Amino acid sequence: MQPFTYLLLPALWSSRNRVKRSERGDFARAWLFGGVSVVVFAVLFWGAFWITTQLYAYDELGDFLIRIGLSWLFLTFLSFLTFSGIVTALSTFFLSDDLRLLLATPVAVRRLFYARFAKTVLQSSWMVVVFLLPVLLGIGIARCAPCMFYLTALATVAPFCVIPVAAGTGTTLLLVNVFPARRARDILMLMGLVFAGSIVLLLRFIQPERLLRVDSLPDVTGFFLTLQSPVTPLLPSFWAGETLFASLVGGRDLLHAGALWTTAGAFTVMLSAASERWYFAGFSKSQEARKARFTKLRFLDTVASLMPISVVRRQLLVKDVKVFMRDVTQWSQLLLLLALVMMYLYNFSVLDLDRIPYMAGTIKNFYAFLNLGLAGFVVATIAARFVFPAVSAEGAAFWIIRTAPIRLRDFLWSKFWSGLAPVLLLSLVLTVMANEFLAVAPLLKAVTGAGIVLMSFALVGLATGLGARYPRFSADNATQVAGSPGGIGFMIAAVAYILAMVGLLGWPSAIYMWRMSRLPVRPLRPDEISLIAICCTAAVALSVGVFLYGMRTGVKALEEMG
Amino acid sequence: MIAIHDLRKQYGPFTAVDGVDLEVKPGEIHGFLGPNGAGKTTSIRMIAGLLKPTSGRIVVNGHDLATRPEAAKASLGFIPDRPYIYEKLTAGEFLRFHAGLYGIDGEGLGERVREMLELFELGRWEHELVESFSHGMKQRLVMCAAFLHRPQAVLVDEPMVGLDPRGARLIKNIFKRMSERGVAILMSTHTLEVAHEMCDRISIILKGKIIARGTVDELRELAGSRDEQLTPVFLKLTGGSALQEIDEIV
Numbered sequence: 000m001q002p003f004t005y006l007l008l009p010a011l012w013s014s015r016n017r018v019k020r021s022e023r024g025d026f027a028r029a030w031l032f033g034g035v036s037v038v039v040f041a042v043l044f045w046g047a048f049w050i051t052t053q054l055y056a057y058d059e060l061g062d063f064l065i066r067i068g069l070s071w072l073f074l075t076f077l078s079f080l081t082f083s084g085i086v087t088a089l090s091t092f093f094l095s096d097d098l099r100l101l102l103a104t105p106v107a108v109r110r111l112f113y114a115r116f117a118k119t120v121l122q123s124s125w126m127v128v129v130f131l132l133p134v135l136l137g138i139g140i141a142r143c144a145p146c147m148f149y150l151t152a153l154a155t156v157a158p159f160c161v162i163p164v165a166a167g168t169g170t171t172l173l174l175v176n177v178f179p180a181r182r183a184r185d186i187l188m189l190m191g192l193v194f195a196g197s198i199v200l201l202l203r204f205i206q207p208e209r210l211l212r213v214d215s216l217p218d219v220t221g222f223f224l225t226l227q228s229p230v231t232p233l234l235p236s237f238w239a240g241e242t243l244f245a246s247l248v249g250g251r252d253l254l255h256a257g258a259l260w261t262t263a264g265a266f267t268v269m270l271s272a273a274s275e276r277w278y279f280a281g282f283s284k285s286q287e288a289r290k291a292r293f294t295k296l297r298f299l300d301t302v303a304s305l306m307p308i309s310v311v312r313r314q315l316l317v318k319d320v321k322v323f324m325r326d327v328t329q330w331s332q333l334l335l336l337l338a339l340v341m342m343y344l345y346n347f348s349v350l351d352l353d354r355i356p357y358m359a360g361t362i363k364n365f366y367a368f369l370n371l372g373l374a375g376f377v378v379a380t381i382a383a384r385f386v387f388p389a390v391s392a393e394g395a396a397f398w399i400i401r402t403a404p405i406r407l408r409d410f411l412w413s414k415f416w417s418g419l420a421p422v423l424l425l426s427l428v429l430t431v432m433a434n435e436f437l438a439v440a441p442l443l444k445a446v447t448g449a450g451i452v453l454m455s456f457a458l459v460g461l462a463t464g465l466g467a468r469y470p471r472f473s474a475d476n477a478t479q480v481a482g483s484p485g486g487i488g489f490m491i492a493a494v495a496y497i498l499a500m501v502g503l504l505g506w507p508s509a510i511y512m513w514r515m516s517r518l519p520v521r522p523l524r525p526d527e528i529s530l531i532a533i534c535c536t537a538a539v540a541l542s543v544g545v546f547l548y549g550m551r552t553g554v555k556a557l558e559e560m561g
Numbered sequence: 000m001i002a003i004h005d006l007r008k009q010y011g012p013f014t015a016v017d018g019v020d021l022e023v024k025p026g027e028i029h030g031f032l033g034p035n036g037a038g039k040t041t042s043i044r045m046i047a048g049l050l051k052p053t054s055g056r057i058v059v060n061g062h063d064l065a066t067r068p069e070a071a072k073a074s075l076g077f078i079p080d081r082p083y084i085y086e087k088l089t090a091g092e093f094l095r096f097h098a099g100l101y102g103i104d105g106e107g108l109g110e111r112v113r114e115m116l117e118l119f120e121l122g123r124w125e126h127e128l129v130e131s132f133s134h135g136m137k138q139r140l141v142m143c144a145a146f147l148h149r150p151q152a153v154l155v156d157e158p159m160v161g162l163d164p165r166g167a168r169l170i171k172n173i174f175k176r177m178s179e180r181g182v183a184i185l186m187s188t189h190t191l192e193v194a195h196e197m198c199d200r201i202s203i204i205l206k207g208k209i210i211a212r213g214t215v216d217e218l219r220e221l222a223g224s225r226d227e228q229l230t231p232v233f234l235k236l237t238g239g240s241a242l243q244e245i246d247e248i249v
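Line by line, the protein sequences give chains A and B.
For what it's worth, numbering that gives the first Met the number 0 labels the leading residue of the first sequence as 0, then goes sequentially.
For what it's worth, numbering that gives the first Met the number 0 labels the leading residue of the second sequence as 0, then goes sequentially.
Next comes chain A alone, as it looks inside the complex (with noise of 0.2 Å):
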């Protein structure tokens, strides 16, 4: 009998087989996420190498940070890989394609639960591995560790990433006993979701910057106590961290180190035992169509029919909000969003400029338009995620609207308004609040509310357009499709044209700016009223090109496929 491993060859083979086939594009895209593989790798190298550093400097108190920082950075990937392990697990076990014929073959149950195990358990946490090598190099070279540090790391991150996927996956095989596999999918996507936004606002409301202000050093043990409130001692975080920080001193924790390989080990042990007897039942289970509740959306018909557009708009506009408020995998990701926006608008909320007396107005004028970008680059960031893949997400069912007796041109058309519409108001809502936190003046809250007005057309107008150009019909989902060499493009050329933008915004009324703030206040000279005013044109100009180029482009793309 052939060992487990072996029913892994067809994901290696298929992997070796995508290498061996060169695309077109690969080149480029190899180059693009090599150099950002290179860039991120160096950032997170330096970042632990100084950290590391600073630390050094106070003694105990730094070596006690470490300590907590390291269980907080297992803390995190605990929570991370065990959420990976549980979408994952039901992916691997329970909706492949591949089970339909593995399972109609003559192999045992234990086999493919441990091949499925460890495809997971790669599945998930490559990332994390892939995170934690440049993390834990720069903290090992700063501290001049032995050559143990790097071998207990070794030893501490395999055992470490299994317990986690072991438990989600677990977690899968009893949720999909009591649910079906495709329902859990979506709560389980929704579950994520609400858990990663948390966390992202909870390391936010700690508020880190108070460790910087000398007039909050009585809050410190406080903020300590807060930071060391999640690290308990029966969590594997706390024994991955607490190996790794006594090899990093030159020492051995035997009993952590123990902690977590016979945890993982019982772990996959019992896990394989649980499978044996629920796994196929589970499967079973997975294969049944329960009848889909959703959504029924009504009030959506109701407000269409109001709206003084065709019949046909009218249709498409119903059509792509029901299909992506039914699709959790789609809306859920707003949630994450949102805790972003908030997040955001909460930083320039606290952002204390009156603390430097002099320089206050200016550089809130400043923020005006490092937010006018920052915004810019949420916009494209939706747009990407959102709008580009809008006409691929028609997928195979895109023969209903090529054959139907429409213009291409209204269906895009379309495409781009119920784009338009929320990505619009997100961006004056960050826009609008951020100059009212900031308070700046009202010149620029003009200036930047007209400029994102501009740069929502434009850049939905372009992922919309780019969007039909470079269409994935056949993604798996709106991911695929947003980081696909389409989705990298436009990025590319949304960032250019944020850069632009703010550049020509920016510039003339910090001229405008500077003359007023003098006293007596000088008026602008003819000169720099033309240089003002060539400034605005262009940005309008660039702004409309932009919207203009990407949405014919995408028309005659979309009239010439085929």
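Just so you know, these hints were derived from the structure itself, not from any lab.
Computed from a prediction, not measured in an experiment: that's the story for all the values here.
Now the stretches of chain B that chain A is said to cover, found in silico as 3 or more residues with beta-carbon under 8 Å: (1) 46 to 60; (2) 63 to 76; (3) 82 to 88; (4) 94 to 104.
Here are the in silico distance ranges between beta carbons for each label pair: (5) B:G11 <-> A:A27: 19 to 25 Å; (6) B:S133 <-> A:L299: 26 to 32 Å; (7) B:S133 <-> A:A273: 30 to 36 Å; (8) B:R180 <-> A:F26: 55 to 61 Å; (9) A:T552 <-> B:S133: 39 to 45 Å; (10) B:S133 <-> A:T478: 28 to 34 Å; (11) A:W416 <-> B:E110: 29 to 35 Å.
Here are a few chain B residues that sit away from chain A, every Cβ distance over 12 Å (derived from the structure): (12) L118; (13) G161; (14) R168; (15) L191; (16) E192; (17) E217; (18) A222.
For every residue, glycine included, the Cβ atom is placed at its ideal position computed from N, Cα and C.
With chain A held as given, fit chain B onto it using these hints.
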């Protein structure tokens, strides 16, 4: 109703469809037969407006598909071989959406939708999500959509795939009834029994070219076959008689 003149489709050096001429009259059910890869689906997809022909002309109800695509498509219903539909819509919502694409709206629509769903025996599934449908149900829903706007011509690519015998019988009856009402139906199929039973005329395509056309009797005569069944005639015309050697090998 459907007229095709010198239709060609080239993929690089490979010619998938090579100068096909075809005419389907109102009320006619025209079968489009051929072995795998002969060019049936490519031709059907070009007529449906899903593929751009390299050259040639397609006219539906007097409208040139190249110059007046919306008008041509408005007269046409299309039933693809694989029924991909929006999984997150209900059957009723999908049909209303489809009607909207053809500019149909208003009070009579709800009744028309229910009428079509009842006709295709999907009435009690009107408010269920498409994702819970079986392949055969999705296929029938696509057919509902194709006939919903009362087209004058219908294109069907492999109509019986995934249908149970009851479903297949239902579809055959509906197609017959539609043709009696003057709807022109162009149907590609592998199932020779279906073609034999339903089609008024048949075109056989091989390597992108129409090699024979006529009624079943005319084709039988052309192949010099006295066989009652269409299969031997088809095999003779398409050069597939070597298949008979399989018995010896097996």
